[in-house]
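K.L.:
The chain contents come next:
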Amino acid sequence: MGIIKKLPIYSEKIPGGGIVTTSVEQILNFAQAKSLWYLLFGTACCAIELMCTGASRYDFDRLGMIFRASPRQSDLIIAAGTITKKMAPRLRTLYDQMAEPRYVIAMGGCTIKGGPFYYDSYSVEKGIEHIIPVDVFIPGCPPRPESLLEGCLTLQKQIQQRKLADWQEK
Amino acid sequence: MTNEELKSYIETNYTSLLTHNEAGKYDLLFEVDAVNLVTVCEKLKNDPELLFDYFCNLSGADTTEKFEAIYNLGSIKKKIRIDIKVVLPHENPVIDSVQTVWPAANWYEREMWELYGIHINNHDNLTRFLLHDEWDEGYPMRKDWDAPDFIRFPDL
Amino acid sequence: MTDLRTEEFDINMGPHHPSTHGVCRLLLTMDGEKVVKVVPYIGYLHRAIEKICENRTYAMCIPILDRFEYVTAMSCNYVFSLAAERLSGIEVPERAEYLRVIMLELNRIASHLIFFGTTAMDIGALTPFLYALREREYIMDLFEMTCGQRLTYNYIRVGGVSKDIPEKFIPQCKVTISTITEKVEEYKRLLNKNPIWKMRTIGIGKLDADLAIAYGVSGPILRASGIDYDLRRDDPYSIYDRFDFNIPVYHNGDVFDRYMLRLDEIQESCKIVAQALEGIEEGPIRAKVSPNFKPAAGETYTRIENSRG
Amino acid sequence: MAITTFTVISLLMAGWGSNNKYALLGGMRSAAQVVSYEVPMIASILVVVLFAGSLSTVDIVNSQSGNFLNWNIFRFPFGPLAFLTYLIAAIAEANRTPFDLAEAEQELVAGFNIEYSGMKFAMFFLDEFINLFTVSAIAVVLFFGGWHGFEFIPSFIWFFVKTFAIVFLLILIRWTYPRMRVDQLMEFAWKVLVPITFLNIIIAAVFKHFGWYWEL
Chain D
1 MGIIKKLPIY
11 SEKIPGGGIV
21 TTSVEQILNF
31 AQAKSLWYLL
41 FGTACCAIEL
51 MCTGASRYDF
61 DRLGMIFRAS
71 PRQSDLIIAA
81 GTITKKMAPR
91 LRTLYDQMAE
101 PRYVIAMGGC
111 TIKGGPFYYD
121 SYSVEKGIEH
131 IIPVDVFIPG
141 CPPRPESLLE
151 GCLTLQKQIQ
161 QRKLADWQEK
Chain X
1 MTNEELKSYI
11 ETNYTSLLTH
21 NEAGKYDLLF
31 EVDAVNLVTV
41 CEKLKNDPEL
51 LFDYFCNLSG
61 ADTTEKFEAI
71 YNLGSIKKKI
81 RIDIKVVLPH
91 ENPVIDSVQT
101 VWPAANWYER
111 EMWELYGIHI
121 NNHDNLTRFL
131 LHDEWDEGYP
141 MRKDWDAPDF
151 IRFPDL
Chain U
1 MTDLRTEEFD
11 INMGPHHPST
21 HGVCRLLLTM
31 DGEKVVKVVP
41 YIGYLHRAIE
51 KICENRTYAM
61 CIPILDRFEY
71 VTAMSCNYVF
81 SLAAERLSGI
91 EVPERAEYLR
101 VIMLELNRIA
111 SHLIFFGTTA
121 MDIGALTPFL
131 YALREREYIM
141 DLFEMTCGQR
151 LTYNYIRVGG
161 VSKDIPEKFI
171 PQCKVTISTI
181 TEKVEEYKRL
191 LNKNPIWKMR
201 TIGIGKLDAD
211 LAIAYGVSGP
221 ILRASGIDYD
231 LRRDDPYSIY
241 DRFDFNIPVY
251 HNGDVFDRYM
261 LRLDEIQESC
271 KIVAQALEGI
281 EEGPIRAKVS
291 PNFKPAAGET
301 YTRIENSRG
Chain H
1 MAITTFTVIS
11 LLMAGWGSNN
21 KYALLGGMRS
31 AAQVVSYEVP
41 MIASILVVVL
51 FAGSLSTVDI
61 VNSQSGNFLN
71 WNIFRFPFGP
81 LAFLTYLIAA
91 IAEANRTPFD
101 LAEAEQELVA
111 GFNIEYSGMK
121 FAMFFLDEFI
131 NLFTVSAIAV
141 VLFFGGWHGF
151 EFIPSFIWFF
161 VKTFAIVFLL
171 ILIRWTYPRM
181 RVDQLMEFAW
191 KVLVPITFLN
201 IIIAAVFKHF
211 GWYWEL
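Residue numbers (this note's numbering), protein chains in the order written: chain D, 1 to 170; chain X, 1 to 156; chain U, 1 to 309; chain H, 1 to 216.
Simulated from the structure, these hints should not be mistaken for laboratory data. Here a beta-carbon is modelled for each residue, glycine too, at the ideal position from N, C-alpha and C. Incorrect hints may appear among the rest.
Straight-line Cα separation of at most 30 Å, DSS-like style, residue types lysine-lysine; simulated pairs [stated by the list, open to error]:
#: 1; chain 1: H; residue 1: Lys21; chain 2: U; residue 2: Lys37
#: 2; chain 1: U; residue 1: Lys51; chain 2: X; residue 2: Lys85
#: 3; chain 1: X; residue 1: Lys45; chain 2: X; residue 2: Lys78
Not close to chain X: a few residues of chain U, all C-beta gaps over 12 Å, as computed [said to hold, decoys possible]:
#: 4; residue: Gly89
#: 5; residue: Arg134
#: 6; residue: Ile202
#: 7; residue: Ile239
Chain D on its own, in the form it takes in the complex:
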């Protein structure tokens, strides 16, 4: 990615270089948005809904989303289910192992803010936002498969609006 990262710096300087940047940007964003491979990370109730979304009726694959088991090979964590304090360091490790650019979807109330029930629990992490940065939140307990699909489409839109210049910062 070294060349692509530096591309905007050089191409902006030559006349007409902006076109190159924009088209490269578009191609890369298109490629990323349409083949989001997600990490199979389900801990609780939401994992069952995640399974349903991946199965026959809702069919995740048509969005170009296939699950991978290894964090090295996935672009997206769908944190489905309650993250307990015991699980939180593992989630962080998995996130660190993923290759850039990486995205996180927080699925369900528990991952957003400790859930509708576990706000006073001693062992549940109140939201995963202070463990890993989150791109899309999907509320619900558990969210319906449709809302998960909607969340993924939102993430794809976000990705397609990214600029090459943003890549340098990350």
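Given the coordinates of chain D, assemble chains X, U and H onto it according to the supplied hints.
P.N.:
Frame of chain D, contents of chains X, U and H only:
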């Protein structure tokens, strides 16, 4: 065997060991002294009339003055069930392990040790397994336990 | 070859591993490809539900218990309501009992379908997973039309159920159960004669009867080990004594038997639901229970037959 | 054929080099698997070679020219048998289910390529599909008359149609069948496949010797 028959059978054969407790609804609830627990359990398991070979559950309770450990036992052949309660003092609660009688008790006892702080004698693997490794905030299931993010509701 | 020096090594399986489905960690000691020793570590999903329930009212506890066992949430609702009802002696209306049985059995089918799909997926076949979840969606439709939720229902309350079934529930439910009964035959055709499936399941994970009892194993796993023990029949609760159904028992206690037993149980559950749909009558669905209801003092411990044991 | 054997080394090195126990197991498994399935695969190819009398693919295809009943797959009884053994060995060679033990998703997470990401992973993944395509193409050349077909369709189209039909078959198998265990896999290779293929060679030799086959 109906509940009445079971009650009269136990009251005649286990007079000094088990005392009937009226608090139990639907099921029979008996109380036993902590010192007698393992002998009573062995007898219950091997009694040909009862054959309590099936360990359903072990639960703990904190009544602020005492701890209670409740053993739910069942018999597969006789299709009967019974609850046994052990009352423990609030200071230094210690109970004998029944895992020599039913191996299934192993994890329940570990859980009780971890969440209530009831020490289990003769347990082979008393290690932390539910709470996370750096836990040092005491025993969470006790009634007097408090933590910053624990919101105690007013009594409704 | 025998004096070749081999070394055992430890491998850490989980808490994030594609085949754990839920979170537990197994520390495996391996001798080449053979697992010699397993040390389980649990507690990655310990959410302190008991402590939370300690300072809620009884009505507030029911939705939390949905999350307790999310594959068969109905039975968690039910067992709690049953305990509360037994404590305070609430009479549940007739129609509510029927509705409860229908929902419990439908939920059992849904849970067994998840078992079927994921087991086959872990062994490597993806088709059964897609098939099973396809049929499960029909049941989810029924639940959704009744209580508006797909997974966590909060349907069975203390004293009855929360909502009555809509008009089109009964015809659609009949269609669903007849479809599922047929599809189970299809599943059996798909896997029972498959030599690879047989190689992977027959004789694997044997649990004999004595060991199963000693470790307090319950539910389908106990019955697959050859012990004919089902609380629906042996310690009847609700109105299960009115229905005519068999309890499948298998004797080898290996993976194949557990799988067969669960498929058989799906068909038995379909039978129960069909009978309940015939027997259901109009009437009230809930006894009068105040929202701040507190049962009479006392203790009770209820046991029901859940799909996962 | 020789080149597919080389993949073993890369798999083994990839598994070993990533310093991960899952990857190491995956690498070891795939090495054992590819090496042992090499034998039945080559033995089933030998049947065809015996018939064509040449190792050259052009000669093999030309020996099946003419009527489609001349294809090796229709030369009973050894033709279909050789195809079957070849197909099984080829699936194992290409690491597809039911023999995808090297990257068994539910057992070894992702097997030998667990620690690879980005372009390196893409290479592994593409390799898998190229391998799939190659074994199908070889199957077409050996058993389905290569580029021969009816006159009015160009020969290269025939070749690709047949190849993709076999790729489709392999993908169908991949999503339907459960996975075998590693010891069963090795047992199957050495105790079932190898004897069958060698027996097949003998049968084919006998048939060839006595001329019990048709040439339309």
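K.L.:
Determine for every hint whether it applies to the structure shown.
P.N.:
Against the structure, the hints come out as follows:
1. H/Lys21 to U/Lys37: Holds - the C-alpha atoms of lysine 37 of chain U and lysine 21 of chain H are around 17 Å apart, at most 30 Å.
2. U/Lys51 to X/Lys85: With a Cα-Cα distance of about 21 Å, the restraint between lysine 51 of chain U and lysine 85 of chain X holds, given a limit of 30 Å.
3. X/Lys45 to X/Lys78: Distance ~12 Å between lysine 45 of chain X and lysine 78 of chain X Cα, so the pair holds.
4. Gly89: Non-interface label on glycine 89 of chain U violated, nearest chain X Cβ at 8 Å vs cutoff 12 Å.
5. Arg134: holds (36 Å)
6. Ile202: holds (26 Å)
7. Ile239: Since the minimum Cβ distance to chain X is about 17 Å, isoleucine 239 of chain U lies beyond 12 Å and the statement holds.
The structure fails to meet hint 4 from the earlier list, while all remaining hints are met.
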